[in-house]
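Asks: Spelled out from the first residue to the last, the chains are:
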Amino acid sequence: RKEVEQDPGPFNVPEGATVAFNCTYSNSASQSFFWYRQDCRKEPKLLMSVYSSGNEDGRFTAQLNRASQYISLLIRDSKLSDSATYLCVVPRGINTGKLIFGQGTTLQVKP
Amino acid sequence: NAGVTQTPKFQVLKTGQSMTLQCAQDMNHNSMYWYRQDPGMGLRLIYYSASEGTTDKGEVPNGYNVSRLNKREFSLRLESAAPSQTSVYFCASLITSGANVLTFGAGSRLTVL
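So the protein lines, in turn, are chains A and B. Here the numbering used here is used: position 101 in the first sequence is 101, and no number is missing along the way. Here the numbering used here is used: position 94 in the second sequence is 94, and no number is missing along the way.
Do not take every clue at face value.
What the hints assert, rightly or not - Now the stretches of chain B that chain A is said to cover, found in silico as 3 or more residues with beta-carbon under 8 Å:
(1) 15-27
(2) 31-44
(3) 105-112
Simulated from the structure, these hints should not be mistaken for laboratory data. Yeah, the Cβ is synthetic: ideal placement off N, Cα and C, and Gly gets one too.
Just need the whole structure built from these sequences, with the hints factored in.
Replies: What follows is the structure in structure tokens.
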């Protein structure tokens, strides 16, 4: 099993739709998790951090399910500008500084 | 505020040539990283440096060497480039290994013919 695994998509949704991505991880000791956003040919940028059960920021909600070892990202009322690749990030170990990325999920929001 | 600066942005090499990718950060961060990104593979960690004077292997270190020259600079060297090393390379830094929020450079696109 890969350390961090995501469905690559692409997810094609209309504007205004609600869409959710999952990310599974193999290290049950992981304590913190992150979602990064990457636009085409650009560097990744932090979208959200998840330290406990979940986190919400406007239209974006990240949730953590420790029992099943996955995190999810929910986007409500999708905008054209949400089109990007969303990367799940899990530290390998505690305070090791080794941050492992999933392969990314591509979202395309259409008018 | 430059953040993380990588050079060069683009490079074309022939198989067997060597080159060094340079990375510098001006945020006084302790930890620095080199990732490569290939289509459908996400970002894979090549090497990282938790602090000045230390380096450690990541997921895909073969064919690469690194140098943490000082706190600001972390270079990645390809001694004998191979077509399999064609990729986009990202340098990143964070304040400390417990912080976990990476700041990335703009990327270096390398093609090996």
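Asks: Next step is simple, just say for each hint if it's right about the structure.
Replies: Hint check results:
1. 15-27: violated (count 0)
2. 31-44: holds (count 8)
3. 105-112: Since three or more residues must qualify, the claim that chain A covers the stretch 105-112 of chain B holds, with 3 doing so at under 8 Å.
The structure shown violates just one earlier hint, number 1.
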